[in-house]
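Residue-level listing of the chains:
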Amino acid sequence: MSAHTTPAADHGHDHAHAHGHDDHAEPHGSLRGYMIGFVLSVILTAIPFWLVMSGVLGSTTATALAIMGFAVVQIVVHMIYFLHMNFRTEGGWSMLALGFTLILVVITLAGSLWVMYHLNTNMMPSVHDMRQMP
Amino acid sequence: MTQASGTPASGEAPVFYEVDEHPHPEGHSTMLGFWIYLMSDCLIFAVLFATFGVLGGSYAAGPGPKDLFDLELVALNTSMLLFSSITYGFAMLAMEKDRVKVTQLWLVVTAVFGLAFLSIELYEFHHMIAEGATPQRSAFLSAFFTLVGTHGLHVTFGLIWLVTLMVQVGQRGLVVANKRRLMCLSMFWHFLDVVWIGVFTFVYLMGMLR
Chain A
1 MSAHTTPAAD HGHDHAHAHG HDDHAEPHGS LRGYMIGFVL SVILTAIPFW LVMSGVLGST
61 TATALAIMGF AVVQIVVHMI YFLHMNFRTE GGWSMLALGF TLILVVITLA GSLWVMYHLN
121 TNMMPSVHDM RQMP
Chain B
1 MTQASGTPAS GEAPVFYEVD EHPHPEGHST MLGFWIYLMS DCLIFAVLFA TFGVLGGSYA
61 AGPGPKDLFD LELVALNTSM LLFSSITYGF AMLAMEKDRV KVTQLWLVVT AVFGLAFLSI
121 ELYEFHHMIA EGATPQRSAF LSAFFTLVGT HGLHVTFGLI WLVTLMVQVG QRGLVVANKR
181 RLMCLSMFWH FLDVVWIGVF TFVYLMGMLR
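Those protein sequences? They're chains A and B, same order as listed.
Heads up, the first sequence is in my numbering, so the first residue is 1 and it goes up one at a time.
Heads up, the second sequence is in my numbering, so the first residue is 1 and it goes up one at a time.
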């Protein structure tokens, strides 16, 4: 038997609780998992702050791309080590909900930025730049 | 018992439906339901991020990110939220071992870090508003205060929830219902930290690069 017992198993005196719902009682991670997640998060937070504050990369675009990359990696780290996401929790329904949400998030963000960027560049004459207004 | 009505008695009767209700233990779907709530919350933040992405450069001749943001303060704030995340994790580990006192202690530490985060954020907002950088000043500031303020409001409600659960655990101990509630708050708290990664990257760091 594994040393790790789930709370449902601890209090599972009634067989109804254990029946068919083993996948629902998700593990809450281990001390090791939390520490790995924490150390990775600290590193993945410190590097982008250092990149922006020191400006070592020189180019703004390169720095922007780098910090976005670090953000994505850190979000994945949080998902795995703090939120304990995997393809098994709730029989995969958590991951399905997350996938659906991510699609909507990408459509919302990319669509808004794309459409509004073109509206700004094509419909606003540059002579009316707000910075030149009194 | 589980016999469909109107079936021939010969041989084994085909079962079309279950007459006996199979057990649905209390709270067996809470975690999935709460996760779906968090995903809907994620959509709120996605819309606010999109708004900030569109309006983030519209300063209306007012102050921009470089005039307003103090990255050292933001770094301190980020570390407060990250510390509160790991201490909540320690509370969950103590909860699994049914240690009420240790769980309560880590929850207190989490609350202190959460409160520190909120205080620093409110100090920053106060500082900005005192300088005239109010939400009414420009589209950039409206979008900024809405996005960061919504996150701060979530942290506020998370703190109220945390105190409520500490009272509950104090009164009834680590019963199954309280464990389930603590697990929901755990997901909420870590989710807020995930959103904050987006905030400090896209609002503060990218703002300084504009």
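Simulated from the structure, these hints should not be mistaken for lab results.
The structure presented is a predicted model; accordingly, all values stated were derived computationally and were not measured.
Backbone N, C-alpha and C fix where the C-beta goes; we use that ideal spot for every residue, glycine too.
Some hints could be false.
To be verified - Beyond 10 Å from chain A on every Cβ pair, some chain B residues (computed): (1) 18; (2) 35; (3) 46; (4) 50; (5) 53; (6) 75; (7) 86; (8) 90; (9) 93; (10) 113; (11) 129; (12) 156; (13) 193.
Stated by the list, open to error - Taking lysine to any residue pairs in the SDA-like style, the calculated list, with each CA pair at most 25 Å apart, reads: (14) 97/B / 54/A; (15) 101/B / 86/A; (16) 97/B / 16/B; (17) 66/B / 54/A; (18) 97/B / 58/A; (19) 97/B / 180/B; (20) 97/B / 178/B; (21) 101/B / 90/B; (22) 66/B / 58/A; (23) 101/B / 54/A.
What the hints assert, rightly or not - Looking from chain B toward chain A, a few residues come up when the C-beta cut is under 10 Å (computed): (24) 14; (25) 39; (26) 68; (27) 124; (28) 205; (29) 206.
#### Entry: Numbered hints the structure breaks, given as an ascending list
Failing hints, ascending: 2, 3, 4, 5, 6, 7, 8, 9, 13, 14, 15, 16, 18, 23, 24, 26 and 27.
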